[in-house]
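A.B. asks: The chain contents come next:
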Amino acid sequence: MTLLFETPEFLAQGITIAITGYVIVFAALVILFYVFTAVSKILLSRTKRHLAREGRLHQIKEDEIEISGEVSAAIAMALYLHTLLHDEESGKLTIKKISKNYTPWSSKIYGMRNFNR
Amino acid sequence: MTLLFETPEFLAQGITIAITGYVIVFAALVILFYVFTAVSKILLSRTKRHLAREGRLHQIKEDEIEISGEVSAAIAMALYLHTLLHDEESGKLTIKKISKNYTPWSSKIYGMRNFNR
Amino acid sequence: MTLLFETPEFLAQGITIAITGYVIVFAALVILFYVFTAVSKILLSRTKRHLAREGRLHQIKEDEIEISGEVSAAIAMALYLHTLLHDEESGKLTIKKISKNYTPWSSKIYGMRNFNR
Amino acid sequence: MFGLKKALTVFGIIAVLALMNFAFVQNGYSKSPDGISITETQSKTVDSESPMEGLYKFFSYTGFRNARVGNLIMIAVGLFFIFLAIKYDYEPLLLIPIGTGIIIGNIPFFQDGGINLQLGIYQEGSVLNYLYYGVLKGIYPPLIFLGIGAMTDFSSLISNPKLMLLGAAAQVGIFLTFLGALFLGFNMPEAGAIGIIGGADGPTAIFLSSKLANGGIINGLQTQNLIGPIAIAAYSYMALVPVIQPPIMRLLTSNRERVIRMKPPRAVSKLEKIIFPIVALILTTFISPGALPLLGMLFFGNILKESGVTKRLADTARNSLIDIVTILLGLTVGASTQADVFLTSQSILIFVLGALSFIVATAGGVMFAKFMNLFLTEGKRINPLVGAAGVSAVPDSARVVQTEGLKYDSSNHLLMHAMAPNVSGVIGSAVAAGIMMSFLM
Amino acid sequence: MFGLKKALTVFGIIAVLALMNFAFVQNGYSKSPDGISITETQSKTVDSESPMEGLYKFFSYTGFRNARVGNLIMIAVGLFFIFLAIKYDYEPLLLIPIGTGIIIGNIPFFQDGGINLQLGIYQEGSVLNYLYYGVLKGIYPPLIFLGIGAMTDFSSLISNPKLMLLGAAAQVGIFLTFLGALFLGFNMPEAGAIGIIGGADGPTAIFLSSKLANGGIINGLQTQNLIGPIAIAAYSYMALVPVIQPPIMRLLTSNRERVIRMKPPRAVSKLEKIIFPIVALILTTFISPGALPLLGMLFFGNILKESGVTKRLADTARNSLIDIVTILLGLTVGASTQADVFLTSQSILIFVLGALSFIVATAGGVMFAKFMNLFLTEGKRINPLVGAAGVSAVPDSARVVQTEGLKYDSSNHLLMHAMAPNVSGVIGSAVAAGIMMSFLM
Amino acid sequence: MFGLKKALTVFGIIAVLALMNFAFVQNGYSKSPDGISITETQSKTVDSESPMEGLYKFFSYTGFRNARVGNLIMIAVGLFFIFLAIKYDYEPLLLIPIGTGIIIGNIPFFQDGGINLQLGIYQEGSVLNYLYYGVLKGIYPPLIFLGIGAMTDFSSLISNPKLMLLGAAAQVGIFLTFLGALFLGFNMPEAGAIGIIGGADGPTAIFLSSKLANGGIINGLQTQNLIGPIAIAAYSYMALVPVIQPPIMRLLTSNRERVIRMKPPRAVSKLEKIIFPIVALILTTFISPGALPLLGMLFFGNILKESGVTKRLADTARNSLIDIVTILLGLTVGASTQADVFLTSQSILIFVLGALSFIVATAGGVMFAKFMNLFLTEGKRINPLVGAAGVSAVPDSARVVQTEGLKYDSSNHLLMHAMAPNVSGVIGSAVAAGIMMSFLM
Ligand code: NA
Ligand code: NA
Ligand code: NA
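Residue numbers (my numbering), protein chains in the order written: chain A, 1 to 117; chain B, 1 to 117; chain C, 1 to 117; chain D, 1 to 441; chain E, 1 to 441; chain F, 1 to 441.
Do not rely on the hints blindly, as some may be mistaken.
[What the hints assert, rightly or not] Sample of chain C residues with no beta-carbon within 10 Å of chain E, all distances over it, derived:
#: 1; residue: THR16
#: 2; residue: THR20
#: 3; residue: ARG49
#: 4; residue: LEU51
#: 5; residue: ALA52
#: 6; residue: ARG53
[Stated by the list, open to error] Capping the alpha-carbon separation at 25 Å, the derived lysine to any residue pairs in SDA-like fashion look like this:
#: 7; chain 1: F; residue 1: LYS270; chain 2: E; residue 2: TYR88
#: 8; chain 1: E; residue 1: LYS370; chain 2: E; residue 2: ILE282
#: 9; chain 1: D; residue 1: LYS370; chain 2: B; residue 2: LYS48
#: 10; chain 1: C; residue 1: LYS48; chain 2: F; residue 2: LYS407
#: 11; chain 1: D; residue 1: LYS273; chain 2: F; residue 2: LEU79
#: 12; chain 1: D; residue 1: LYS162; chain 2: D; residue 2: ARG261
#: 13; chain 1: E; residue 1: LYS380; chain 2: A; residue 2: ILE42
#: 14; chain 1: A; residue 1: LYS41; chain 2: E; residue 2: ALA267
#: 15; chain 1: F; residue 1: LYS370; chain 2: F; residue 2: LYS273
#: 16; chain 1: F; residue 1: LYS273; chain 2: F; residue 2: GLU257
#: 17; chain 1: B; residue 1: LYS48; chain 2: F; residue 2: PHE83
#: 18; chain 1: D; residue 1: LYS263; chain 2: B; residue 2: VAL35
#: 19; chain 1: A; residue 1: LYS41; chain 2: E; residue 2: ILE282
#: 20; chain 1: F; residue 1: LYS407; chain 2: F; residue 2: ASP89
#: 21; chain 1: F; residue 1: LYS407; chain 2: F; residue 2: LYS273
[Unchecked claim] Beta-carbon label-pair distances, calculated as ranges:
#: 22; chain 1: B; residue 1: ARG46; chain 2: D; residue 2: PHE371; range: 33 to 39 Å
#: 23; chain 1: E; residue 1: THR344; chain 2: D; residue 2: TYR122; range: 51 to 57 Å
#: 24; chain 1: E; residue 1: GLN123; chain 2: C; residue 2: ILE42; range: 43 to 49 Å
Please keep in mind that the hints were generated in silico from the structure rather than gathered at the bench. Cβ coordinates follow ideal geometry from the N, Cα and C atoms, glycine included.
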């Protein structure tokens with residue numbers, strides 16, 4: 001194969017591998033994309049059929065299902081900002097744990113100065 | 001040994017092993033049964049002697065000691081039924097833990113959608 | 001080397017190792033002592049300079065910094081005595097954890113008698 | 001945005017790809033010439049190779065190309081295990097790792113021409129192979145027993161030690177299955193390992209089979225590696241205890257027997273609970289030293305729990321430690337069912353024997369309870385349903401007893417009583433495993 | 001009590017000691033004669049040895065005597081890693097263990113004359129050497145992926161699967177770097193391992209380099225052990241993602257593109273979340289069986305999390321287990337940078353290639369998002385900034401996207417959308433690693 | 001239901017069984033002919049064997065048949081350890097696992113005729129043998145040091161660094177014991193390993209003995225495996241610190257000295273606490289590279305703790321990780337005391353030397369404090385009781401100091417001051433271990 005001018009043999013082989021590889025990575029995720037989109041469709045239609053059989057389909061509009069997504073996004077954002085602010089909190093729990101005390105030399109109280117961390 | 005008509009040799013040997021084995025398993029648990037019954041007796045009589053020495057034996061009748069068992073059984077049952085009903089509760093604790101956040105790629109906030117599990 | 005009367009060769013060698021070794025252990029901790037004292041000095045002077053630049057040096061006297069140590073010691077002592085008294089508390093938490101239930105034979109409720117420990 | 005039709009098309013394509021493979025490629029001729037040509041392609045430097053050839057070469061490495069029917073069957077089995085665990089809550093802590101392990105172990109990969117890509121559990125250098133050592137060398141089961149010991153409460157057994165005998169009686173399943181396996185043509189060590197399925201105890205089954213049926217030469221006899229089938233059979237039937245046991249229990253008991261009420265167990269002192277694991281450790285292992293790795297660890301764990309001064313160690317043993325080992329054990333036991341190794345007539349025999357052993361064990365426990373009743377006075381009689389718990393399968397069989405008991409008398413709680421034979425069944429089968437090792441190794 | 005002057009004196013003395021060593025001892029003559037004399041001293045019984053001689057002998061064992069300039073440089077690097085982690089919070093869970101590992105791995109010790117004091121990571125019998133096995137044999141990375149799986153939420157990806165393609169696009173970094181490495185003279189397997197730096201995924205990089213560039217003979221070619229440089233490069237650039245990515249993102253996008261708003265993701269059902277890891281496991285590993293050790297574990301962990309019946313296993317996998325492995329992995333990867341092995345021109349090349357690969361990967365993701373927009377209708381367009389998250393580096397690159405997005409529209413939260421390419425980037429690079437293994441092993 | 005008489009009868013029977021064994025079986029003739037006949041029975045197919053013969057054969061495998069007096073003695077020792085731990089709360093986290101390990105390691109099993117049932121800790125293929133590798137290869141101790149580092153607070157030491165010297169002074173116990181061991185006929189490496197008992201530090205003792213007295217050839221000298229005796233001696237005396245130290249402390253101090261009050265330690269900044277482990281790691285291992293495995297891990301753990309950004313790693317290191325290792329270490333160290341290996345005159349010598357070393361170390365610490373006081377002004381004097389904490393045995397010896405101090409002045413809390421020599425004693429003995437390795441390996 002002579003993609004580039006005078007490519008050395010090993011580089012030619014490398015280019016083949018690179019192109020093939022990239023195509024396959026795409027293939028893998030494209031197939032996963034199609035399959036999972038299909039799975040979701042099937043699950044959704046099954047749910048709808050189920051609701052329909054129970055005569056409750058009119059109660060839930062497609063929109064509502066999607067709206068719940070928006071709400072969840074909002075909550076996620078709130079959580080995100082919250083954790084950004086309070087990232088250090090976990091440390092407090094740690095202190096208590098340490099007071100559970102252990103040393104391989106002895107198993108009794110240890111680290112009694114942990115409080116001033 | 002010819003327990004069965006014309007048993008092949010290896011099966012005869014197998015039967016010996018099986019019988020011996022079963023007897024030994026029984027022996028092990030029978031001995032454990034006797035020994036532990038004895039241990040319990042000794043501990044109980046020691047406790048009684050101890051109480052007697054302190055002159056409090058009359059206060060506790062044998063029945064009472066056994067009754068406490070009944071109570072404990074009742075509590076156990078309650079607990080049992082309770083856990084059957086509320087088996088999923090532990091999940092809630094998990095969510096909090098996850099928010100302790102970690103990824104090997106990065107150590108900051110992650111999994112901020114855990115709330116809609 | 002003949003430190004002791006007629007010491008056998010291996011013992012003489014041993015004595016050398018022992019003396020050298022002890023000296024080095026001391027050396028290690030002495031160096032650590034000097035270095036860390038120096039590090040502390042540097043950090044402290046940096047802090048002071050920092051405070052001075054912000055014009056707040058007069059607010060904090062050297063004494064106060066040291067007093068905080070005394071306070072911390074007092075708290076430590078309190079904690080120490082407290083843990084001595086309440087060492088068993090951790091056990092209570094354990095019980096709850098166990099009710100999270102698991103056996104390799106089965107994953108459901110188990111150990112429902114844990115309450116009477 | 002995306003039609004259902006399209007989705008089905010995609011599935012169709014994948015199905016066609018898979019079928020093509022089976023139709024054209026796998027018929028005899030493919031294996032060797034194809035395999036060799038790939039190897040040659042690699043070892044010599046190819047002077048011109050187009051991306052299309054590269055794609056083809058890659059295709060020969062994919063699962064689509066290397067799948068055998070067996071792999072697909074096993075993957076279906078794995079999916080079924082996961083389904084059972086999620087849908088019916090059957091032993092999820094084991095069936096989920098094992099089920100996923102079965103899938104992982106049966107993803108097809110290229111291994112023609114002796115090429116080792118270090119993927120399969122039986123390929124040297126693969127991660128699964130390293131993790132599998134814990135199974136193969138019998139290291140995981142004792143660690144699991146350590147954790148079990150740290151979470152087991154022996155009170156019910158201490159308060160009524162005579163119920164221990166039921167745990168002994170049910171071990172008849174082990175020895176009859178052993179004879180059955182011998183009869184069906186397995187050799188001595190293999191038969192011993194298969195017998196232990198009747199112990200209804202996963203770690204014990206894995207431990208004994210890793211010693212007696214690991215593919216090595218045991219006591220002069222060449223054995224097959226039966227760890228996979230034995231473990232899968234043991235765990236499958238343990239998961240199915242709620243299905244297997246009730247009919248047998250009903251068959252062997254009368255209505256009057258099923259409503260026998262038993263005296264509530266007495267309270268047990270802290271000291272008794274400390275002494276029990278120590279005494280039990282020494283006694284049982286003196287009698288059956290072969291049980292040392294299992295019972296030594298079980299009672300060690302229980303000492304950590306009951307001593308009252310090593311709470312943090314007991315805590316770790318029954319949480320992180322046992323979880324880590326359970327994950328690795330389940331995964332590798334599952335993955336060890338690689339189709340070409342697992343799908344044999346032997347495995348089917350083992351499954352048949354396993355089913356029988358569970359039935360025999362249950363019957364053994366129930367019948368022995370009835371036998372004991374012959375010698376016991378009115379108030380002290382044992383409800384024979386409790387005998388079924390002697391198979392171990394902790395705590396599922398005890399719960400089966402409770403459920404069955406409630407069917408005939410809705411206020412007769414048998415659970416507490418069933419716990420005693422339940423845990424002693426564990427001890428019993430570990431002792432039996434020790435005996436098998438003494439005789440057969 | 002102690003003057004600053006005194007302190008400086010002490011530092012001075014230490015500095016002089018160190019300098020003396022470099023000046024007098026390390027110039028050519030020292031290595032062999034000195035080394036031999038020590039060995040002789042030890043093996044024959046010395047009949048008179050004064051403490052002063054003992055002290056001198058001891059000095060020859062100290063770090064002061066055995067330090068090379070390289071060790072000091074690497075220790076400085078280790079300190080810098082720790083500094084970055086504490087001061088800027090860059091990937092502290094990795095940079096702290098790696099940084100400390102670098103220091104530990106570069107403490108100089110005596111190893112002349114073939115004497116093995118079992119201290120260095122490359123010395124047989126040392127603790128570090130034992131712990132390093134988990135890296136060398138590729139055991140740690142899959143265990144880390146298990147934990148990651150147990151903490152990853154694939155909802156964002158399930159709710160908008162087309163964003164997955166961005167995770168595929170960004171893997172162009174891997175393949176271009178692979179070509180670059182070939183071009184610079186690395187052989188095939190080495191180049192494959194170096195390429196994976198572009199995957200922006202530490203465990204994957206370590207795993208692949210342990211298979212392809214571990215110092216052994218791979219597919220007939222003698223490779224160098226490049227695990228250390230590759231891992232350090234991968235983690236360094238991952239830590240620097242907030243520095244590397246923004247300029248490229250700005251360069252390749254217009255102001256109008258950067259403010260594109262995307263529809264919030266729909267809610268995802270529990271069932272979808274259970275099915276996803278199972279389907280993804282089977283599909284991706286059928287396509288690229290080489291990814292089995294990584295993706296098998298990743299999705300196994302996710303099944304543990306989403307099945308809802310194995311909470312305690314998922315909990316342990318994402319806490320104790322992953323922490324223990326992270327500690328050991330970080331420490332040993334750090335220590336593997338022992339100066340004499342690490343400070344080579346190769347390492348510098350690897351670092352240069354690594355930087356390029358991150359840039360290419362980011363560009364690949366962004367450009368592909370723009371490409372996809374050509375086919376998408378108004379409301380469904382993708383904000384091309386989101387493409388940058390396809391490199392993985394979870395979740396830092398997703399956060400970079402969020403931060404950049406907010407700069408141009410302070411109410412446009414892109415984080416949720418960026419998570420999808422982010423996790424699919426992980427899948428993509430694991431698939432790529434599997435492909436490399438298929439082609440190059 | 002069951003008489004006390006009956007119980008005693010049962011015990012009687014067991015006792016008789018055991019005695020019979022000792023009386024009839026163990027006298028010379030039994031070992032070989034009996035052993036061989038069993039082997040023969042197994043290897044050839046027996047054509048008729050009655051269950052009674054089977055029972056007899058089984059009996060020959062039981063502990064009753066194979067017990068030696070030594071096993072019973074050691075089991076009694078194990079029980080005593082457990083008793084001490086539960087009753088007096090002496091080091092329960094170590095004495096419970098070690099005590100149970102001693103019992104497990106001394107359950108007698110059949111091993112005549114070269115038959116390996118894979119039960120004993122010294123038998124290849126047994127679980128205990130696999131777990132023992134962590135001791136034998138010196139892997140467990142550094143992991144324990146990692147956990148210790150993650151739970152140790154060096155504040156007291158930072159705030160008053162001169163107290164560090166007391167931790168150095170107490171190491172005199174190590175070197176004098178080393179000389180004593182040499183004098184008693186142990187060879188160089190063995191004597192070094194025995195000396196370390198004086199360090200009052202279990203993991204260090206196990207680590208050094210695994211390097212210097214592991215049964216291999218060290219520096220041209222054949223050593224014995226003394227890991228068991230050394231570890232047991234070290235832990236026994238550490239448990240007995242509250243008994244051993246007070247008399248010596250009283251003997252060497254005057255009433256006036258015992259009531260010296262010390263200035264409360266100053267508060268320590270976060271930055272100092274971060275810098276300390278880094279500086280200490282580099283300095284101490286430059287001076288004694290042999291201490292790298294221990295001190296590297298200790299300070300690594302401390303960096304995880306103090307950096308403030310790796311809380312979850314520090315948490316795991318000081319909880320699950322150290323617990324798991326403690327369980328395995330204790331169990332296997334205990335089990336390594338198998339009677340035939342352990343009950344030798346050597347072990348007794350080691351115990352005698354160990355006792356002396358603790359006494360010498362305590363005296364060394366106290367005397368050095370008095371020596372330092374000669375150079376210190378009134379307000380800065382050290383209470384010499386604090387010197388006793390230099391032996392390490394963290395934190396028991398610090399608590400002994402506190403308790404003793406309170407006896408003479410009920411408001412003089414010495415605990416905070418004693419922590420400094422206490423932890424520096426750990427550093428000191430690790431440095432000493434490193435020196436021993438440099439000189440003797
Ligand atoms: Na059983
Ligand atoms: Na990636
Ligand atoms: Na010490």
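A.B. asks: Holds or violated: LYS273/F with GLU257/F, Cα cutoff 25 Å?
C.D. replies: violated (32 Å)
A.B. asks: Would you check the hint for LYS407/F and LYS273/F, treating anything up to 25 Å between C-alpha atoms as holding?
C.D. replies: Distance ~33 Å between LYS407/F and LYS273/F Cα, so the pair is violated.
A.B. asks: Would you say LEU51/C is clear of chain E, with no C-beta pair closer than or equal to 10 Å?
C.D. replies: Holds: least Cβ distance 17 Å, greater than 10 Å.
A.B. asks: Assess, step by step, whether the Cα of LYS407/F is no farther than 25 Å from the Cα of ASP89/F, and give holds or violated.
C.D. replies: holds (21 Å)
A.B. asks: Say whether it holds or is violated: THR20/C keeps its Cβ farther than 10 Å from all Cβ of chain E.
C.D. replies: violated (4 Å)
A.B. asks: Is the nearest Cβ of chain E still more than 10 Å from the Cβ of ALA52/C?
C.D. replies: At about 16 Å from chain E, ALA52/C clears the 10 Å cut-off, so the statement holds.
A.B. asks: Verify the proposed pairing of LYS380/E with ILE42/A, using a straight-line Cα cut of 25 Å.
C.D. replies: Roughly 22 Å between the alpha carbons, so the hint for LYS380/E and ILE42/A holds.
A.B. asks: Would you mind confirming whether the straight-line C-alpha gap from LYS370/D to LYS48/B stays at or under 25 Å?
C.D. replies: Not satisfied, since the Cα-Cα distance of roughly 35 Å exceeds 25 Å.
A.B. asks: Could you tell me whether the CB distance from ARG46/B to PHE371/D stays inside 33 to 39 Å?
C.D. replies: At 34 Å between Cβs, range holds.
A.B. asks: Hey, LYS263/D versus VAL35/B, does the alpha-carbon distance stay inside 25 Å?
C.D. replies: holds (22 Å)
A.B. asks: Classify the label on ARG49/C as holds or violated, using whether its beta-carbon is more than 10 Å from each beta-carbon of chain E.
C.D. replies: The claim stands: ARG49/C keeps its Cβ more than 10 Å from every Cβ of chain E (closest is about 12 Å).
A.B. asks: Measure nothing beyond the straight line between the CA atoms of LYS370/F and LYS273/F; if it is 25 Å or shorter, mark the hint as holding.
C.D. replies: violated (29 Å)
Comparing the model with each earlier hint shows violations of hints 1, 2, 8, 9, 10, 15, 16, 21, 23, 24; every other hint is respected.
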